[in-house]
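For this one, chain A is given, so just place chain B on it according to the hints.
Okay, here's what each chain looks like letter by letter:
There are 2 protein chains.
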Amino acid sequence: MEAYKKLIELSEELTLLGDTAALLGWDQETMMPAKGVEYRAKQMAYLSGKSHDLWTRAEVGDWIAQCEDDLSSHDEDEDRCANVRDWRFDYDRATALPRDLVVEFQETSALGKATWAEAREKSDFSIFAPHLEKLVELSKRQAECFGYEECAYDALLDGYERGARASELSKVFAALRPELVALGKEITDRGPRVAVDLLAGDYPIEKQQAFNQEVAQQIGFDFDAGRIDTAVHPFCSGVGPRDTRLTTRYDERDFTSSLFGVLHEAGHGMYDQGLPAEKHHLPVGRAISLGIHESQSRLWENHVGRSRGFWQYWLPKAAQYFPHLASVSLDDMVYAVNQSAPSLVRVEADEVTYDLHIMLRFEVEQAIFSGDLAVADIPAVWNERMLEMFGLQVPDDAQGCLQDIHWSMGMFGYFPTYSLGNLNASQLMESANKDCPELGGEIAKGDCSSLLSWMREKVHLQGSVFLPGELIERATGKATNSAAHLEHLRGRYLD
Amino acid sequence: MEAYKKLIELSEELTLLGDTAALLGWDQETMMPAKGVEYRAKQMAYLSGKSHDLWTRAEVGDWIAQCEDDLSSHDEDEDRCANVRDWRFDYDRATALPRDLVVEFQETSALGKATWAEAREKSDFSIFAPHLEKLVELSKRQAECFGYEECAYDALLDGYERGARASELSKVFAALRPELVALGKEITDRGPRVAVDLLAGDYPIEKQQAFNQEVAQQIGFDFDAGRIDTAVHPFCSGVGPRDTRLTTRYDERDFTSSLFGVLHEAGHGMYDQGLPAEKHHLPVGRAISLGIHESQSRLWENHVGRSRGFWQYWLPKAAQYFPHLASVSLDDMVYAVNQSAPSLVRVEADEVTYDLHIMLRFEVEQAIFSGDLAVADIPAVWNERMLEMFGLQVPDDAQGCLQDIHWSMGMFGYFPTYSLGNLNASQLMESANKDCPELGGEIAKGDCSSLLSWMREKVHLQGSVFLPGELIERATGKATNSAAHLEHLRGRYLD
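Just so you know, the sequences run in chain order A and B.
Each residue of the first sequence is one higher than the one before, starting from 680 at the first, in the numbering used here.
Each residue of the second sequence is one higher than the one before, starting from 680 at the first, in the numbering used here.
Derived from the structure by calculation, the hints contain no laboratory data.
Don't take every hint at face value.
Because identical chains share one entry, a pair is satisfied inside a single copy or across any pair of copies.
In the DSSO-like style, the derived pairs of lysine-lysine whose C-alpha atoms are separated by at most 30 Å in a straight line are [claimed, not checked]: (1) Lys684 to Lys1137; (2) Lys1113 to Lys1137; (3) Lys1137 to Lys1124; (4) Lys792 to Lys819; (5) Lys850 to Lys1113; (6) Lys1137 to Lys850; (7) Lys684 to Lys714.
Only chain A is shown next, with the shape it has when bound in the complex (with noise of 0.2 Å):
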């Protein structure tokens, strides 16, 4: 099988470019000097145009070719149908788009950051406008290219969650969205339980990143293979196979900012550092999506970090860093780290509103890739969702629908992962304590052993076997569904 054999040397040779990209990247984020950005971003430039050169040869689509043709004596071979399939979409991906699209794309987005940020600054729409329904009519011609069964959003769901449709998400949406609105109000109903300020005070910067480390180690992420450092964007990055660094921030008034940070990015890191290392130079492992990983992150972060248990074990602990911490009792602790409020932001939203302002986005999204929403009509919709989802007036499109960044870098489809995260972070939480009933009293005392070789074994070792449906169909014997999420957040929030 000489055409497998050129493909998976062809798939090291892009991994060792894509890995050294990678570095950089950590590099521009965490180490660089400020007049070190013109200059990466050539180096930047020339390792994906190289990349891009090797991948997209005539040759490459014709090993691609005979490798499938050869896939039916070999279809026991699980890897090998993985790395075909992959080698396929991404092959398909990267020759679909004609090089003036990818070219028009590249600018018109590169302007787009500029034009958001000058939008969002001085909460005027109409500065944006313009370039956002550029950007949606590339978008729209992207999706052409690319192909789909459906509707064109799901050609652009697929670069961000492989195999998700609009459709089904609709339906999982559907059903979460009144549950989530009904909890909300709920809660907002009964009043806060704890005082907003019962963790006020003084964190220094150094005891934080000792604790963290502390926890973190704790929980699982190998620092022999790994390292925790600085961003104004808190990220995780697999920069080899045996060399994960997560990023994250701090705020000296209060330690739970970069604690919370730590544990996502370690649930990033931790299914990094689980994926078969022998099989990193390989499609197959790969991490297999956005919507796994996230499930990874808000796993340790929410389900592990925002327990009761946790904190029975690391309160105290905490106590000794930082000694005003050892008159909060541990019901106020839990209390505190889990309050909910409608907000207007996303990033700062909790865990019960958070997929609320996911669903807000996914349905403008799906309304301006059906033609049914025009780009200058986004500000009224978005402020009259929010009026009826949270209950709340915004004030101006800087805090509504210019709060984030990537629609200006053309990112139509990505937001959907967050929440998918989020349901098959329940999910496979409850698959898990099924399976280890003993799991909640093993964390209580620190140990989360078991959960950790559960995620391995479930999640992690299998790379990209599975396309994301499969793999959590496989975990927890059913399709992502709103049921154990929902479970999971009353069980926090009304018990």
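Relative to the frame of chain A, chain B by itself:
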């Protein structure tokens, strides 16, 4: 001139690849978690292999030949002449070696490192000797491939210091050596001027970092185009035209260790930052040699950093960071950082004895490559010379001829660049003082801008227009010699 344009394009691509490898290397020494090492080696090998393949194509040789033919009509264009000169040099060196020699050398030096470590650990030269013999033999074969006029050793020297010749170095060293021995003896006979533990105290690392940063910034290192981190073996790495990374290491009982490390590396760094950024992608935009690079590090470390004027300004500042220094007088501070005594180990040597270590190494290397000295006899010769020059008995080979790693990597001809750096530093400083008589007074007020401007003009901005010898002659009016250095040392140690 199609060929010239093609070479410029290729140069740009190779520079992007080289800078990317430099960042991977910097990251490995400062940031990378332990388990990343294996994959990082793969990445580095991939990048250097790519560069080598791109550069050694036959058509590249044709382009260079074409440029050489065309050069007469452009011989007033200094940049073009230098580019073509260096392309020729680099191409001939890269294509001179047969593949089996390259592979054998790589394998032998890879083994040599481990064997050297074991030999040093056990202080048993016989363990290392067979590998050293092999490396010498392979290096001799390399030298024959590279070609030379006077002796094989010159071909190796040329790889580190363009245009340097053993015969000329021997003359310079012959004049320097007895003077240094005599000066060292005079200092030893006179006895120490201050207590050895004068500066002993607690120097918290964060305070050292803050102080070093203040010093580096004020002497002219641009932190918007660079940074300082911690590394086991301090170095400076330029990872882009406006991105220079320094490293140092800390001794919590001695703040001068990290400070002189930073001054040294900042000297390298300011040279890098002063190179013509718009020519960064061309040979002419590079630093010309190790001996010139080292002149800059030694100048800022020794001529500036150990001068009375420097401490006149910085001792009171240092006392703000480290209060117990308030009781140290300026005289005593200057004496404390300018102590000299014979020592066994080069990297711990002071300004007076340092070059004697280099000369010993240079003599031994020359004798090996001329065939006058057998590898097995190195320890005996080493120990004999140490007694002769330093009056020291070498207790074991670990502290003798096994002390340095470089031979185990097949680096022969590298050590002399350190002494060239010292001599060039003194010569450049003497000329700078002549051109700007106010220099000393400015430094005593914490202002190094005139000195830096002079170096920018005479050295940094020259890039690689002139080979090292010509650069020094143009800047100082004389070929590299020992006069200025001896005068500097006598002035500093005997006054």
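Outcome of the hint check:
1. In this homomeric assembly, Lys684 and Lys1137 come within 30 Å of each other (Cα to Cα) only inside a single copy, at 29 Å, whereas the closest approach across copies is 55 Å.
2. Proximity of Lys1113 and Lys1137 under a CA criterion of 30 Å is satisfied intra-copy only: 14 Å inside one chain copy versus 74 Å between copies.
3. Taking the shortest alpha-carbon separations for Lys1137 and Lys1124, only the intra-copy value of 23 Å comes in at or below 30 Å, while the best inter-copy value is 67 Å.
4. Proximity of Lys792 and Lys819 under a CA criterion of 30 Å is satisfied intra-copy only: 19 Å inside one chain copy versus 58 Å between copies.
5. Proximity of Lys850 and Lys1113 under a CA criterion of 30 Å is satisfied intra-copy only: 26 Å inside one chain copy versus 83 Å between copies.
6. When the C-alpha separation of Lys1137 and Lys850 is checked against a cutoff of 30 Å, the pair qualifies only within one copy, where the shortest distance is 26 Å, while the shortest distance between copies is 72 Å.
7. Taking the shortest alpha-carbon separations for Lys684 and Lys714, only the inter-copy value of 28 Å comes in at or below 30 Å, while the best intra-copy value is 42 Å.
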